[in-house]
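**Student:** Work out the full structure, taking the sequences as your base and the hints as a guide.
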Amino acid sequence: MIRGIYATASGMGVQQARMDIISNNLANLSVFGFKRSSVTAAPFSELLLVAAEQPNGTKAPRGWNAVGNLSYGAAVTAVKVDPAGGTLKETNRQLDLAIAGDGYFAVNVPSAGDPGRVAYTRDGTFSRDAGGYLATSAGHRVLNSSYSPILLPDGEISVSPAGVISAGGAEVDSLAVVVFDDANQMIREGNGYFAAPGLQGSQHDNPLVRQGFLERSNVDPNVEITNMLTALKAYEAGQKLIQAHDELLGKAINQVGTLR
Amino acid sequence: MIRTLWNGASGAAGHQARLDAAANNLANINTTGYKKQRVVFADLLTREMETSGRPVNLLPGSTARQGGGTAVVATCRGWEQGNVLETGRPLDLMIEGEGFFRLEKTGEEELYTRDGNFFLDAEGRLVNSAGYVLLDNLELTGAPDSLAISPNGLVTARDAGGELIELGQLTLCRFISPGNLEAAGENMFRPTTGSGAPVELVPGGEGAGMVRQGLLELSNVDTVEEMTGMIEAQRSYQFNLRSVRAADEMWGITNNLRR
Numbered sequence: 105m106i107r108g109i110y111a112t113a114s115g116m117g118v119q120q121a122r123m124d125i126i127s128n129n130l131a132n133l134s135v136f137g138f139k140r141s142s143v144t145a146a147p148f149s150e151l152l153l154v155a156a157e158q159p160n161g162t163k164a165p166r167g168w169n170a171v172g173n174l175s176y177g178a179a180v181t182a183v184k185v186d187p188a189g190g191t192l193k194e195t196n197r198q199l200d201l202a203i204a205g206d207g208y209f210a211v212n213v214p215s216a217g218d219p220g221r222v223a224y225t226r227d228g229t230f231s232r233d234a235g236g237y238l239a240t241s242a243g244h245r246v247l248n249s250s251y252s253p254i255l256l257p258d259g260e261i262s263v264s265p266a267g268v269i270s271a272g273g274a275e276v277d278s279l280a281v282v283v284f285d286d287a288n289q290m291i292r293e294g295n296g297y298f299a300a301p302g303l304q305g306s307q308h309d310n311p312l313v314r315q316g317f318l319e320r321s322n323v324d325p326n327v328e329i330t331n332m333l334t335a336l337k338a339y340e341a342g343q344k345l346i347q348a349h350d351e352l353l354g355k356a357i358n359q360v361g362t363l364r
Numbered sequence: 112m113i114r115t116l117w118n119g120a121s122g123a124a125g126h127q128a129r130l131d132a133a134a135n136n137l138a139n140i141n142t143t144g145y146k147k148q149r150v151v152f153a154d155l156l157t158r159e160m161e162t163s164g165r166p167v168n169l170l171p172g173s174t175a176r177q178g179g180g181t182a183v184v185a186t187c188r189g190w191e192q193g194n195v196l197e198t199g200r201p202l203d204l205m206i207e208g209e210g211f212f213r214l215e216k217t218g219e220e221e222l223y224t225r226d227g228n229f230f231l232d233a234e235g236r237l238v239n240s241a242g243y244v245l246l247d248n249l250e251l252t253g254a255p256d257s258l259a260i261s262p263n264g265l266v267t268a269r270d271a272g273g274e275l276i277e278l279g280q281l282t283l284c285r286f287i288s289p290g291n292l293e294a295a296g297e298n299m300f301r302p303t304t305g306s307g308a309p310v311e312l313v314p315g316g317e318g319a320g321m322v323r324q325g326l327l328e329l330s331n332v333d334t335v336e337e338m339t340g341m342i343e344a345q346r347s348y349q350f351n352l353r354s355v356r357a358a359d360e361m362w363g364i365t366n367n368l369r370r
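So the sequences go chain by chain: A and B.
Going by my numbering, the first sequence opens with residue 105, and the numbers climb by one from there.
Going by my numbering, the second sequence opens with residue 112, and the numbers climb by one from there.
Just so you know, nobody snuck in bad clues.
List time: in silico EDC-like cross-link candidates among lysine to aspartate or glutamate, alpha-carbon distance up to 20 Å:
(1) B:K216 / B:E297
(2) B:K216 / B:E293
(3) A:K344 / B:E360
(4) A:K337 / B:E360
If you are wondering where the hints come from, they were derived from the structure by calculation, not from laboratory data.
**Tutor:** Below, the structure written as structure tokens:
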């Protein structure tokens, strides 16, 4: 019975984890380029339940007899980023870019000890920084297909669907749009950035870059609210189970073996 | 549950900021030279779920990172050209294209504006409604009606005898990254390290716009865009309050575990 209480408690913990992720998805409903996360959970590694006696009451030949598998509860096994694309929103700003196909913009996000570190993003809210380079809203420089910053010339900039940047009809540079085979293995870093440690990326040859558009988050509030309800009800069911176990324990303590 | 609560709160606060920006844009729909504001969000720092007390048993090669809600990273301006309002007033100026008027005031920092609604002060200088002076060295003598400013910024007027005199040259300032200018109130902006230093240019040269006299630039606020944005922000705000309520309900369930 104590075992049941702990198994239920771990299940309630998983529902809390689901709720944390759902609420984070909803908080980022309006963040351009945001990708929703989802929780996957599985039973803890199972144990073999054994009995010392056989059903007919004799001792088991090896000293024990297998009854069946038993699990001690549930645990979160992964939080996965859903790489599905969001719908595009027209903004008509010259340096708002969206990728209609697969792939990520590459951005130089320096970290301590690694000034050249590259992170990836789908949020194309770009602008010129004070040095004239193309930069994200957090101020990090966007990279070209050979992974160096893009210096924008003065005046009107146009970006082709293939990611080629031109000014006044002359080709200036081309954006890095990197595709990964295992995009859902990417690690969320905050600020719209993802890290891709150990993942092999390659330049997308036709990424369908749309100028004057931004990609909305791929969060569907209907799905999130529905998931929120199921998580809440599962959590409530956990409460009832723990209370039932508590009652059973109460009976064992107070009623079993009493003489009236 | 605390995480759920704060995620919901941060989402609600972020959408509140969007509503504020939309309300501000709508309030300034008739402000000349006003540029619409927009709020840029990003998701907040993430951490590993193992450290938050949840039961976690990772599959090989997977991660369990949870986000910390959302935050406003920047409010930036849309610098698109606003609509034209014809006033016929000789002291109304409009910049067609890029650039800002540079304004000065004794004892104050230099500020920059797109709002070309000027007046004459007692000393014959062009000032805006906040008392900032355009072209410090210009002193208008003679009739203000005779003031003429060419598209290239040459300021001329007729003196008492009807003679055409050259009063000065109006210049415009450009910034490499106008999105990083800081609002200084009264429709004026101040440069920051992010915007770069002002580059002074003759109107019509090197990417600077032309000066048009007798016209004003209206705000570039689009009512339909603001209204749809407002509806979206308000609904998103409600969704995030559902997260807060769910956290509250879960807390109630936990509190009633022991009857």
